[in-house]
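Generate the whole structure from the sequences, applying the supplied hints.
In terms of the numbering used here, the sequence shown is residues 2 to 269.
No lab work stands behind these hints: they were computed from the structure.
Treat each hint with caution, since some may be false.
Straight-line alpha carbon distances no greater than 27 Å define the calculated DSSO-like cross-link-like pairs of lysine-lysine that follow [to be verified]:
id	residue 1	residue 2
1	K83	K67
2	K67	K151
3	K131	K51
4	K42	K151
5	K51	K135
6	K51	K67
7	K83	K151
8	K135	K42
9	K67	K131
10	K191	K226
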Amino acid sequence: MQLTHLNARGEANMVDVGDKQATRREAVASGRILMQPQTLKLLTEGALPKGDVIATARIAGIQAAKRTHELIPLCHSLALSKVAIDFEIDEQHGCVHVEAMCRLSGQTGVEMEALTAVSVACLTLYDMCKAVDKSMRIEAVQLESKQGGKSGDYRRHDVEDAVSPIVTGTSATGEVSIGERCASPCVRVKFLAELRERLGVSEAVIGLDEMETRDIGGLKAALAKRSDVFAALSDRRTLCAVNQVMANDSAPVTDDDEVAFFPPVTGG
2 MQLTHLNARG EANMVDVGDK QATRREAVAS GRILMQPQTL KLLTEGALPK
52 GDVIATARIA GIQAAKRTHE LIPLCHSLAL SKVAIDFEID EQHGCVHVEA
102 MCRLSGQTGV EMEALTAVSV ACLTLYDMCK AVDKSMRIEA VQLESKQGGK
152 SGDYRRHDVE DAVSPIVTGT SATGEVSIGE RCASPCVRVK FLAELRERLG
202 VSEAVIGLDE METRDIGGLK AALAKRSDVF AALSDRRTLC AVNQVMANDS
252 APVTDDDEVA FFPPVTGG
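As structure tokens, then:
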């Protein structure tokens with residue numbers, strides 16, 4: 002696969018889209034910001050010191066989408082025909098879900114505009130609420146779908162549904178049950194590259210109630226209780242990422258986080 006933003010000499014290069022056919026293009030991105038229950042209550046009641054948080058974040062997201070080319074160096078300046086930002090208050094998980102939809106009729110896609118809109122909307126929520134809660138965390142910013150263009154349509158759920166289901170793995174020490182997907186709050190764990198081969202298992206699910214501490218250290222301990230093979234995760238050379246962000250043993254984990262363990266060099 003060739004990276005289109007690199008030229009033949011490996012230099013950063015703005016793609017020439019002049020010869021592409023103008024078509025209807027649309028992209029949807031999502032993200033969320035986690036906060037303390039009291040902060041969420043103040044937001045819902047409109048009692049935060051900076052005023053109407055959601056309205057301000059919506060305007061910020063729309064403005065960011067229109068100015069994406071000023072933030073991402075190799076993006077084109079686009080004449081967007083529609084930008085919509087939606088917010089969902091999730092009291093059960095203590096967060097605000099943010100979704101952005103961008104649309105145009107043009108020669109290049111709007112994925113970056115949708116992702117930028119979600120990111121800036123989440124950052125604005127943080128700014129509006131930080132006076133009462135500096136522990137908020139923005140996470141899971143991702144592309145949900147895109148339509149139009151030469152590469153065709155994409156939907157995240159279609160890709161995830163095509164992934165093989167969780168299975169029970171075996172290792173040199175015997176059978177290792179990695180459990181079922183749980184309805185209660187849990188963390189999804191993946192073991193990558195040669196680490197997967199060493200453990201004899203590719204995925205696991207750990208309920209938050211199995212963890213003495215809700216961080217990576219607590220997750221490792223909970224896995225070790227299931228089987229001795231997971232003691233290998235305590236090797237200092239084993240790397241870890243939470244939702245694709247590098248993490249250490251003190252990094253917190255929350256419901257539905259995806260944690261990956263992998264060796265220092267991995268091809269996936």
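Practice problem: Mind checking the alpha carbons of K67 and K151 for me, to see if they're no more than 27 Å apart? | Solution: 23 Å, holds
Self-check item: K83 paired with K67 [C-alpha distance capped at 27 Å]
Solution: Given that 27 Å is the threshold and the Cα spacing comes to 10 Å, the pair holds.
Exercise. Quickly compare the C-alpha distance for K67 and K131 to 27 Å and report which way the hint goes.
Key: 26 Å, holds
Exercise. Compare the distance between the alpha carbons of K51 and K67 with 27 Å, and conclude whether the hinted pair is satisfied.
Key: Holds, because 24 Å separates the two Cα atoms, which is no more than 27 Å.
Quiz item: Does K42 pair with K151 here, judged by a C-alpha cut-off of 27 Å?
Solution: Status violated; Cα separation ~45 Å.
Exercise. Take a quick look at whether K51 and K135 sit within 27 Å of each other, Cα to Cα.
Key: 15 Å, holds
Quiz item: Are the Cα positions of K135 and K42 separated by 27 Å at most?
Solution: 15 Å, holds
Practice problem: Could you grab the alpha-carbon distance between K131 and K51 and see if it respects the 27 Å cut-off? | Solution: 10 Å, holds
Quiz item: For the pair supplied as a hint, K83 and K151, is the alpha-carbon distance within the 27 Å limit?
Solution: OK: K83 and K151 at ~21 Å, within 27 Å.
Quiz item: K191 and K226: Cα distance at most 27 Å?
Solution: The hint holds at about 17 Å.
Comparing the model with each earlier hint shows a violation of hint 4 alone; every other hint is respected.
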